[in-house]
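Trainee: Residue-level listing of the chains:
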Amino acid sequence: MMSEEPRVGVFVCHCGLNIAGVIDVKELIEYARTLPNVLVAMDNRYTCADPGQEEIRKAIKEHDLNRVVVAACSPRMHEPTFRRTVADAGLNPYLFEMANIREFASWCHPSTPKEATDKAKEIVKMAVAKAKLLQRLETMEVPVTNKALIIGGGIAGISSALDLADMGFKVYLLEKSESIGGHMAALDKTFPTLDCSICIEGPKMVDVSRHPNIEILSYADLVSVKGFVGNFKVKIRGNPRYVIAADCTGCGECRDACPIEFPNEWDENLGVRKAISVPFDQAVPLVYTINRDYCIECFKCVDACGARQAINFEQEPEDIELEVGTILVSTGFDIYKPTDDSRYGYSRFDNVITAMEFERLILAAGPTGGKVVRASDGEKPHSVAFIQCVGSRDVNKYEYCSGFCCMYALKNAVLLKEKYRDDVEVYIFYMDMRTHFKGYEEFYRRARELGVNFIRGRISQINEDPKTKNLLIRAEDMMLGDPLELEAELVVLSTAAIPSKGADEVSRILSITRGADGFFMESHPKLKPLDTSVDGIFLAGACQGPKDIPYSVSQGSGAAARAATILSQPTWKIEPIIADIDSSKCRNVNAKCGICVKKCPYGAIKALENKAASVTAAMCHGCGTCVAECPTDAITQMHFTDAQILAQVRAALEENPEGKILGFLCNWCSYAGADLAGTSRFEYPPTMRAIRVMCSGRVDRDFVLEAFRQGAGMVLVGACHLPYDCHYISGNYKMKDRMDALARIFEKLGLSPERFRVEYVSAAEGVKFAAIMREMTEQLEALGPEKIKAENEKLRPTLDKMLSRKRKK
Amino acid sequence: MVLHAKRYSLTLDKNKCTGCGICMEICPREAIEVTKTPKIEGEAAKPPTVAISEEKCTYCGMCETLCAFGALSIKINGEHIIPVVNSESFPQLIREITVDETKCGVECAEIEDACPLDLIKVSVHTPDGKEITGANSRLNKENLEVTVNIDKDSCPCCQLCETKFPDSAIRVEKIFHGNLRINREKCPEDCHDCLDVCPIPGVLYLLDDGKVHVNELNCIYCGVCRIVCPEEGALELNRTRIRHTEVRSGAWNKALEKLASTKAMTKELKTKSGKRLYESMKSRFPPEVENDV
Chain A
13 MMSEEPRVGV FVCHCGLNIA GVIDVKELIE YARTLPNVLV AMDNRYTCAD PGQEEIRKAI
73 KEHDLNRVVV AACSPRMHEP TFRRTVADAG LNPYLFEMAN IREFASWCHP STPKEATDKA
133 KEIVKMAVAK AKLLQRLETM EVPVTNKALI IGGGIAGISS ALDLADMGFK VYLLEKSESI
193 GGHMAALDKT FPTLDCSICI EGPKMVDVSR HPNIEILSYA DLVSVKGFVG NFKVKIRGNP
253 RYVIAADCTG CGECRDACPI EFPNEWDENL GVRKAISVPF DQAVPLVYTI NRDYCIECFK
313 CVDACGARQA INFEQEPEDI ELEVGTILVS TGFDIYKPTD DSRYGYSRFD NVITAMEFER
373 LILAAGPTGG KVVRASDGEK PHSVAFIQCV GSRDVNKYEY CSGFCCMYAL KNAVLLKEKY
433 RDDVEVYIFY MDMRTHFKGY EEFYRRAREL GVNFIRGRIS QINEDPKTKN LLIRAEDMML
493 GDPLELEAEL VVLSTAAIPS KGADEVSRIL SITRGADGFF MESHPKLKPL DTSVDGIFLA
553 GACQGPKDIP YSVSQGSGAA ARAATILSQP TWKIEPIIAD IDSSKCRNVN AKCGICVKKC
613 PYGAIKALEN KAASVTAAMC HGCGTCVAEC PTDAITQMHF TDAQILAQVR AALEENPEGK
673 ILGFLCNWCS YAGADLAGTS RFEYPPTMRA IRVMCSGRVD RDFVLEAFRQ GAGMVLVGAC
733 HLPYDCHYIS GNYKMKDRMD ALARIFEKLG LSPERFRVEY VSAAEGVKFA AIMREMTEQL
793 EALGPEKIKA ENEKLRPTLD KMLSRKRKK
Chain B
2 MVLHAKRYSL TLDKNKCTGC GICMEICPRE AIEVTKTPKI EGEAAKPPTV AISEEKCTYC
62 GMCETLCAFG ALSIKINGEH IIPVVNSESF PQLIREITVD ETKCGVECAE IEDACPLDLI
122 KVSVHTPDGK EITGANSRLN KENLEVTVNI DKDSCPCCQL CETKFPDSAI RVEKIFHGNL
182 RINREKCPED CHDCLDVCPI PGVLYLLDDG KVHVNELNCI YCGVCRIVCP EEGALELNRT
242 RIRHTEVRSG AWNKALEKLA STKAMTKELK TKSGKRLYES MKSRFPPEVE NDV
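For the record, the sequence lines run as chains A and B. Residue numbers for the first sequence follow our numbering, beginning at 13 and rising by one. Residue numbers for the second sequence follow our numbering, beginning at 2 and rising by one.
I should point out that these hints are in silico values taken from the structure, not numbers from a laboratory. Among the clues, some could well be false.
[As the list claims (entries may be wrong)] In silico SDA-like pairs for lysine to any residue, Cα to Cα no more than 25 Å straight-line: (1) B:LYS76 with A:GLN473; (2) A:LYS392 with B:GLU80; (3) B:LYS7 with A:ASP268; (4) B:LYS57 with A:LYS479; (5) A:LYS481 with B:GLU163; (6) A:LYS604 with A:THR583; (7) A:LYS513 with B:SER10; (8) B:LYS7 with A:GLY283; (9) A:LYS479 with B:SER10; (10) B:LYS264 with A:LYS540.
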């Protein structure tokens, strides 16, 4: 591709005194000029400022440069800036390389300017070595289907659907149950304004059903998703309702004729529904469903439906195929039922219920017509105790705070007080009252003013009085430090919000990750809270973690806006830093290999029998794990090729290799952690020479071998923390497996174990990175160059043999 | 099933239940299990036991309507309600029991003892409404009023009362019709388990050959004998007709198919106004059944 001779320009930035205050910039420029293929080297006070950028553009034109190296801050800071600069001058933006001499030299070695300058020189040398091998890369464009699929029709999904549809995009709203609405449709009143939940959500649900751009696919399951951003192919299975949706008028005559009742899950099984029915009156779509598990097939409904002929007992599941450009996941949450925790007596004692069950009881349209009654005797309770944090904030159960329980307990307490006044005594057992957000604290005060009793303390046991069926609550009053026993006629448990049952399957089908808590993981907790690790798939609402209604609605709208950034484009640009397979080298042609297919965290590689494996460019995220794993080196990661990285290794270790630590740092965590050590001015010895890779999964065994062959004192591989921090889902695990095996080989070959190290450093762990550097340098000095040299000599023949394949290239 | 809004119960009167298993056969939820009572060596066979799963039961009431002995009872919120009957989605058994009280004389009292299930109560009153008890005190008294009370809901209509007292006031029509055959060559040696559990005396009897024989005159075709029979095929029971109130119901057709046969069901469908139902259910039948009818 690049047959022309490289013509490199090096531009050193003073960054005011940030760099120039420690590093001898003049000396650095002089040094740069001596490097092969460097035509021009110059300095600037602020290279990133307009005049600095202009200088680069001018130099490119004047000296006909075809490679540019900027020695300045971290590439995580200004790489995009300078890529644009060189592109403005007509150079391919990928012919640019950055040398990080600020975070990695001047900032972390201020008291040793001489060593810092030497390190900066080698950093520039490594950058030039890589720059010479850089290749032109073209950004790819894929067409965009400007339709969206929303999975989950709760309030978050409804908000997304309406926003996207109003923007003019076609929206498919997939809902697994019979009606959209989600949990919100089952609630009584909403905090802190006490407006009726279905009264505010109902109209939205109707809007969805009437919107010309929205198609509701209810009572249907997600089967499979293939493709990539802009071009997803979705398979959906519509479950048979045994009622023809188009012919059902929702009149309910069939329901009246039906003799069979079964517990209504929508009512938390407190009430019943008919074998042919809708879960609740406001259901959208208003289409009846026959539950064949309960139906006795008397066909009275067929008679009742009469001429409308909407009932069809022969209905089969329907397969639906869609093509969409983006997917929004809003699958919501489930509610924990503490049947496995004997302390609460739930399911053993009639009068211990969950807060969701309480919602259905106090709801005027609920099974009891809004009467709060006890299951044991149907009587109104005179004392009600709410127990907070049931399952939540419990290290043995769900470690996180479910967020909205404090508020709904307050809300239910206020409703009870306002409904029954002095006829009911209300207690809330809590750990901490969490009433942040607008109007919540004021609501807390309202509850206190109404005479709700707040008891701070976790309960230890609930027992039942066998005669009265009242509950005896044993707890500790943390305010007084005294044990306490209280008798209540009804106990309401504020149970944890937990990941929805189907989350595992959705995560499998979409290849999106879940956190340790089981909720879906956002791409970045601060800056990309609505994105997933898969391009074109976004998150909204409680599927990402428990959220109340306003938060879910905002996220729904936010995710819609994120999706629209793609849907509004005719085509979508894809970063060219991806894997590319040389089919002439692929082993899968002759043998059954498929290692890359197994190792790819995104399912972006396909390997058909007796055919070379191939990468779906738009699905590849450019981690490079497959490249490192390929037994025949048939795969290349663009911009991080073996040749480029090996050139950096050799450049770094040309002089005094025994005194150096060669580090392979992943872009997102350990490199960022090292950056932070610099930004925080944590000083550490200047022994490290770092090579940036996108993911630790890219670190080929051969890189480590070559480093030791070149005489490196130590090698460090830095990765994101296990288990979930990897930005490429599982690249860090793949690296770990590979390096564990390599460490065993080194042990056999007599390498001192401290000379090869794998570390997990997060982007926030600057302190840890500096500490590792200090520790390793101490060990390096303790070993001494002589011992290292001797070990390396002993190792060399084996390494030569292991690397013979690579050197042939 | 206890819900906040409703309370459902299905109770089984073990004194009335014979363990015949009709309820199990027709339960659409497989909520009823009838199991043989383990036999103790040297003792007579005991009727099977019936267990109802509260979790599976939907309290539809089909079992109650079909129980010949009236042993099952559904209550919703304490009230006796049979949902399938209220909605006319299931028929009721027709128990045609007539009592001609004009024929009753004081000697009618004896008929009480004719009922093997103890369902007939004959009471004798003086004209001023005083009840007279004891057989002797009835004798030689004029102008006594005789009333016959029959617990009709629990009567399986064996006709034994009529058989024993052909001239009495009670006339009974059978509910279940059919045939019962014993293939005696298959009967195990000295086995009379069927006879032990049969609720109606005289239907099954032992002869000198040591084998059980059938007198179908009073057989109610309940089928408890078939359940306890240890030998496959030794006892053959076929129900051909069940007297029931007229109804259009797929659920009943299914039940009839289970209790009698597909043939009996299609026959009934053809003769009744169930044409459309028949059409809608046609796909469920194998073609040979179609042609058979």
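Trainee: Would you mind marking each hint as holding or not holding in the structure?
Mentor: Hint-by-hint comparison with the structure:
For the suggested pair LYS76 (chain B) and GLN473 (chain A), the alpha carbons sit about 36 Å apart, so the restraint of at most 25 Å is broken. Proposed proximity of LYS392 (chain A) and GLU80 (chain B) is supported: the alpha carbons are some 22 Å apart, at most 25 Å. Taken as a hint, the LYS7 (chain B) and ASP268 (chain A) pair is honoured in the structure, with Cα atoms around 17 Å apart against an allowance of 25 Å. In summary, the hint linking LYS57 (chain B) to LYS479 (chain A) is not supported, as the alpha carbons are separated by about 29 Å, beyond the 25 Å threshold.
Distance restraint check for LYS481 (chain A) and GLU163 (chain B): the Cα-Cα separation of roughly 54 Å exceeds the 25 Å cut-off, and the hinted pair is therefore not satisfied. Simply put, LYS604 (chain A) and THR583 (chain A) have alpha-carbon atoms about 36 Å apart, too far for the 25 Å limit, and the pair is violated. Distance restraint check for LYS513 (chain A) and SER10 (chain B): the Cα-Cα separation of roughly 32 Å exceeds the 25 Å cut-off, and the hinted pair is therefore not satisfied. Simply put, LYS7 (chain B) and GLY283 (chain A) have alpha-carbon atoms about 7 Å apart, close enough for the 25 Å limit, and the pair holds.
With a C-alpha separation of about 22 Å, the suggested pair LYS479 (chain A) and SER10 (chain B) falls inside the 25 Å cut-off, and the hint holds. At roughly 68 Å between alpha-carbon atoms, LYS264 (chain B) and LYS540 (chain A) are farther apart than 25 Å, so this suggested pair is violated.
Of the numbered hints given earlier, the model fails hints 1, 4, 5, 6, 7 and 10; all others are met.
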